[in-house]
Amino acid sequence: MADKRTTLDGFVGELADGMTIGIGGWGSRRKPMAAVRAILRSDLRGLTVVSYGGPDVGLLCAAGKVAKVVYGFVTLDSIPTDPHFKVARQSGAVEAMEVDEGMFYLGLLAASQRIPFLPTRSGLGSDVLAVNPSLRTVRSPYDDGEELVAMPALRLDAAVVHVNRADAAGSGQILGPDPFFDELFLGAADRRFVTTERVVATEQLAEGGPIQTMCISRLLTDAVIETPGGAHFTACVPDYGRDEGFQKEYVTAAGDPDAWAAFYQRFLAVDEDGYQAATREAADERAAAKSAKEGA
Amino acid sequence: MSDTADTGVTRAEYCAVACAEVFRGDGEVMASAFGTAPALGARLARLTFAPDLVLTDGDAALVDGAPPLGARPSSLVLESHMPYRRVFDVVWSGRRNLIMMASQIDRTGNQNISAIGPWARPKAQLVGVRGAPGNTVNHSTSYWVPHHSPRSFVEQVDVVSGVGYARAAAAGPSATKFHEIRFVVSNLGVFDFATPDKVMRLASVHPGVTVEDVVGATGFELVVPDEVPETRVPTPEELDLLRTVLDPRSTRDREVPA
Numbered sequence: 001m002a003d004k005r006t007t008l009d010g011f012v013g014e015l016a017d018g019m020t021i022g023i024g025g026w027g028s029r030r031k032p033m034a035a036v037r038a039i040l041r042s043d044l045r046g047l048t049v050v051s052y053g054g055p056d057v058g059l060l061c062a063a064g065k066v067a068k069v070v071y072g073f074v075t076l077d078s079i080p081t082d083p084h085f086k087v088a089r090q091s092g093a094v095e096a097m098e099v100d101e102g103m104f105y106l107g108l109l110a111a112s113q114r115i116p117f118l119p120t121r122s123g124l125g126s127d128v129l130a131v132n133p134s135l136r137t138v139r140s141p142y143d144d145g146e147e148l149v150a151m152p153a154l155r156l157d158a159a160v161v162h163v164n165r166a167d168a169a170g171s172g173q174i175l176g177p178d179p180f181f182d183e184l185f186l187g188a189a190d191r192r193f194v195t196t197e198r199v200v201a202t203e204q205l206a207e208g209g210p211i212q213t214m215c216i217s218r219l220l221t222d223a224v225i226e227t228p229g230g231a232h233f234t235a236c237v238p239d240y241g242r243d244e245g246f247q248k249e250y251v252t253a254a255g256d257p258d259a260w261a262a263f264y265q266r267f268l269a270v271d272e273d274g275y276q277a278a279t280r281e282a283a284d285e286r287a288a289a290k291s292a293k294e295g296a
Numbered sequence: 297m298s299d300t301a302d303t304g305v306t307r308a309e310y311c312a313v314a315c316a317e318v319f320r321g322d323g324e325v326m327a328s329a330f331g332t333a334p335a336l337g338a339r340l341a342r343l344t345f346a347p348d349l350v351l352t353d354g355d356a357a358l359v360d361g362a363p364p365l366g367a368r369p370s371s372l373v374l375e376s377h378m379p380y381r382r383v384f385d386v387v388w389s390g391r392r393n394l395i396m397m398a399s400q401i402d403r404t405g406n407q408n409i410s411a412i413g414p415w416a417r418p419k420a421q422l423v424g425v426r427g428a429p430g431n432t433v434n435h436s437t438s439y440w441v442p443h444h445s446p447r448s449f450v451e452q453v454d455v456v457s458g459v460g461y462a463r464a465a466a467a468g469p470s471a472t473k474f475h476e477i478r479f480v481v482s483n484l485g486v487f488d489f490a491t492p493d494k495v496m497r498l499a500s501v502h503p504g505v506t507v508e509d510v511v512g513a514t515g516f517e518l519v520v521p522d523e524v525p526e527t528r529v530p531t532p533e534e535l536d537l538l539r540t541v542l543d544p545r546s547t548r549d550r551e552v553p554a
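In order, the protein sequences belong to chains S and B. The first sequence begins at 1 in my numbering and counts up one residue at a time. The second sequence begins at 297 in my numbering and counts up one residue at a time.
With the rest of the complex left out, here is chain S:
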């Protein structure tokens, strides 16, 4: 089997300005954040980001990487909206394609099946059709004659997802309760990247969990990147939960230009090892501040 291991630099090196990039996970859960941070450090620009959006979308917008966002929502889960995405939309800095989250699923499914669209009832009557004038409806060729939305394939130039374990050949294992739509992101893309908490030997995958957890086959993977803590600050259960304290820091900093510059300098203008070290240090600071407050 081919060894598909590469690095975050290798990942970024395969991307180009203007590409359409799918990002796995859901909201503030199991996002390939190390890969997102690698894009932040790059010179890439003008990306179309396709995502069940969380802080991935906010960070990329804040860094000026994004021309267009394709989404059904952008949320931090425990905090309803992402502050950077709000600013990007309200200032008109990014183009948007907002669709029903089920339509989004069908767009990925159509792309992964190499068909132009999939029909659905979802979207009919809503402003999703009004604000996306390129969307079309299709009439059933059968006796029912129903008119349905023709959700176009969301074809991706590249996709990146984050999993708990993977082997060097690109078989990925998701140990949390929900695989989300990661398989379909990979299926919809020309270049497919899997970041993982840990690269393990193939025979160790079955030790990690039942066969259903081994849901990303190497048929869907071009490259594997080991990124411990690579979903931080989003949740990556059972390896770790969402870092709520850090997510709050992110949101607070986003509200003020000086605070954001300091946040960026400390956490994002550094490489991935630097990020992991800085966030551990920040967690210690929050813990110390909390115990000082409780002791007072």
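These are calculated hints, taken from the structure and not from any lab test. Where hints are given, some of them may not hold.
Residues from chain S shown here face chain B by an in silico Cβ test under 10 Å; the list is partial [said to hold, decoys possible]:
id, residue
1, 99
2, 127
3, 291
Using 20 Å as the maximum straight-line C-alpha spacing, the simulated PhoX-like pairs for lysine-lysine come out as follows [said to hold, decoys possible]:
id, chain 1, residue 1, chain 2, residue 2
4, S, 248, S, 86
5, B, 419, S, 68
6, S, 86, S, 68
7, B, 494, B, 473
8, S, 290, S, 248
9, B, 419, S, 86
If you're wondering where the values come from, they're calculated on a predicted model, not measured in any experiment. Cβ atoms here follow ideal geometry from the backbone N, Cα and C, with glycine treated the same way.
Given chain S, work out where chain B should sit, using these hints.
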């Protein structure tokens, strides 16, 4: 005279029971409920008059029984695996009944959670349409608005996320086939669309609220019947479940103050 004074029933408890009524008569469907009163309502219904209702853990599982708010995950009895991809199968099958929240709702039952102001460049970007367009044309949907005001009950929503009656009708039979906006529950009352032209009607006021209060807090012309009943009083069993089993820490009072 007020039932509130007589029984000590809080406004939040009336809201929870009004939300429970959303699930009456549905049989074996998946209940999804956003917000505290809807979460309590679905659980109350499951424990009383809708025993076949299927509840979720809010993550990726269906759960047996009706766990208290904030129950530890390890205390839940799981019934089935329900990751998001499978949730869409349920949505599209119609075997679901849902209470969503609404930043704006209008006279014909359109809901908005996408953006305030023009969508192209909004004054305020909200979370996004999420599943609202698909939910509303696939299965029964109701709404919960904890802060009833002319800003939330508007003549016309800025971005139609959840589809109301007039928009569904205009979109044609594929949109109306499974469409039902059952109730809107707010902190002031309960509303339905039981009018000839399917516009919002005041179905009941919560005890302690007047019809004038509701009309004054609504930004469009509400249909008000000659006789407006009060929202039904929780049964002693329901009150006991709410207070001692489902929400002993009264988180409901933080959403709707007494």
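Below or equal to 20 Å on CA atoms is what counts here, so check residue 248 of chain S against residue 86 of chain S.
-> The hint holds at about 16 Å.
Pair hint residue 494 of chain B and residue 473 of chain B, alpha-carbon separation not exceeding 20 Å | holds (15 Å)
Compare the distance between the alpha carbons of residue 419 of chain B and residue 86 of chain S with 20 Å, and conclude whether the hinted pair is satisfied.
-> Distance of about 9 Å is within 20 Å: holds.
Hinted pair residue 290 of chain S and residue 248 of chain S, Cα distance within 20 Å | holds (14 Å)
Below or equal to 20 Å on CA atoms is what counts here, so check residue 419 of chain B against residue 68 of chain S.
-> Since the Cα atoms of residue 419 of chain B and residue 68 of chain S sit roughly 19 Å apart, the hinted pair holds (cutoff 20 Å).
Sort out whether residue 68 of chain S lies within 20 Å of residue 86 of chain S, counting only the CA atoms.
-> Since the Cα atoms of residue 86 of chain S and residue 68 of chain S sit roughly 14 Å apart, the hinted pair holds (cutoff 20 Å).
Have a go at the residue 291 of chain S hint: is there a Cβ in chain B nearer than 10 Å to its own Cβ?
-> At about 25 Å, which exceeds the 10 Å cut-off, the nearest Cβ of chain B leaves the hint on residue 291 of chain S violated.
Regarding the hint that residue 99 of chain S lies at the interface with chain B, is the smallest CB-CB distance below 10 Å?
-> This hint holds: residue 99 of chain S lies near chain B, its Cβ roughly 7 Å from the closest one there, short of 10 Å.
Can residue 127 of chain S be said to touch chain B, with a Cβ gap under 10 Å?
-> This interface hint holds because 4 Å falls under the 10 Å limit.
Violated hint: 3 only; the structure is consistent with all others.
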